[in-house]
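J.: Going down the list, the sequences are from chains A and C. Residue 1408 in my numbering sits at position 113 of the first sequence; the count goes up by one each step and never skips. Residue 29 in my numbering sits at position 34 of the second sequence; the count goes up by one each step and never skips.
Please note: incorrect hints may appear among the correct ones.
[What the hints assert, rightly or not] Cβ pair distances, simulated, as ranges: (1) C:G38 with A:R1537: 46 to 56 Å; (2) A:L1489 with C:V24: 26 to 36 Å; (3) C:A19 with A:L1489: 21 to 31 Å; (4) C:A6 with A:L1458: 29 to 39 Å.
[As the list claims (entries may be wrong)] In silico negatives: residues of chain A with every beta carbon more than 12 Å from chain C: (5) A1341; (6) L1342; (7) E1346; (8) G1351; (9) P1471; (10) L1479; (11) G1484; (12) G1486; (13) I1488; (14) A1524; (15) A1528.
To be clear, the hints were calculated from the coordinates, so they are not data collected in a lab. Just so you know, even glycine gets a beta-carbon here, dropped at the ideal spot from N, CA and C.
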Amino acid sequence: MPLIAAEMTTPTLGGILQRGALAGVAAGVAASLVAFAVVEPVIERALTVEEARTAGEPAEEALVGRAMQVFGGMVAATAVAICLALVLAVVFAKVRHRLPGRTDFGRASLLAFLGFVAFALVPALKYPANPPAVGDPDTVNARTAQYLSLIAAAAAIAWLAVLVRQVLVARGFAAPVAVTGGVLTGLVGYGLILLIWPAGTGEIPSDVSPQLIWDFRVASLGELAAMWAVMGATLGLLLTPRTAKAAGAETVTVSA
Amino acid sequence: MPSPAPATAVAPIRVPLLAWLLAAVALIVFYLLLQENGLVVPGQVAEYLHEFTHDGRHALGVPCH
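Whole structure, please, built from the sequences with the hints as guidance.
T.: So this is what it looks like as structure tokens:
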């Protein structure tokens, strides 16, 4: 009974959202662990540079203590992961039938990868992360606008790439040709917006070493990669039927 | 000419406005946590939120002063 099998394997919106929330928690825990173990040691090095600048001056009373900021960084990473995972879940429900892949695990992983590219990789290439001790307060609003608009543009490119692949499939092109069309659309699109968007305004102060900047950028991208990888894999796993027999139900429908 | 359904047809899922509102709220929380440098929420709350999430913002690659 292929029809019933198909109904069984189409998840409901509510089910996807619940699993998305859980995927967000898992992604937040993963990102927090990377933040604590990998990013925080680099932030400490940057704070040493900052302190050296004000050496001799009376120390300012910090509004939030260091331990609280480390904790806050992990809370922020978790909250961001849950927010992004809910958005990912809604978008997944909307575009599931447009995504290539035979399983929800494959589709969710692909969508999370596209999310990583749009929300993390493209901004990291144009406006790479900087540790504390770098950054001019006067330009932060302009930099924020550039950063957010670049993410919006990258998300639009991802949507276009998915659409191009789907149109090629609908016109009868073989799967590898259609996928290549989508990938090329993405690469050209990302390349164009990286060229068009204004150059970053951040200047690196001379007392901050290139090694520190590099270490921080790699650590930051690592935290974001952990977040998106765990988000996509968890959403996909939670949408996967537990047994191979149930998972195969959709394959039966496909071949029918 | 009736075209047969593609072999890999996957049923679309209806996404009502409410779900998009949820996504919008999630994005606004995302913005407040990461972007707020006094642009929307003024005063002490923003300042505390800014300092509390300071490490997180830098770590996630968000522009900061």
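J.: Each hint should be assessed against the structure and marked as holding or not.
T.: Against the structure, the hints:
{"no.": "1", "hint": "C:G38 with A:R1537: 46 to 56 Å", "result": "51 Å, holds"}
{"no.": "2", "hint": "A:L1489 with C:V24: 26 to 36 Å", "result": "28 Å, holds"}
{"no.": "3", "hint": "C:A19 with A:L1489: 21 to 31 Å", "result": "27 Å, holds"}
{"no.": "4", "hint": "C:A6 with A:L1458: 29 to 39 Å", "result": "19 Å, violated"}
{"no.": "5", "hint": "A1341", "result": "8 Å, violated"}
{"no.": "6", "hint": "L1342", "result": "10 Å, violated"}
{"no.": "7", "hint": "E1346", "result": "15 Å, holds"}
{"no.": "8", "hint": "G1351", "result": "23 Å, holds"}
{"no.": "9", "hint": "P1471", "result": "14 Å, holds"}
{"no.": "10", "hint": "L1479", "result": "21 Å, holds"}
{"no.": "11", "hint": "G1484", "result": "21 Å, holds"}
{"no.": "12", "hint": "G1486", "result": "20 Å, holds"}
{"no.": "13", "hint": "I1488", "result": "17 Å, holds"}
{"no.": "14", "hint": "A1524", "result": "15 Å, holds"}
{"no.": "15", "hint": "A1528", "result": "20 Å, holds"}
Checked against the numbered hints listed earlier, the structure breaks hints 4, 5 and 6; every other hint is satisfied.
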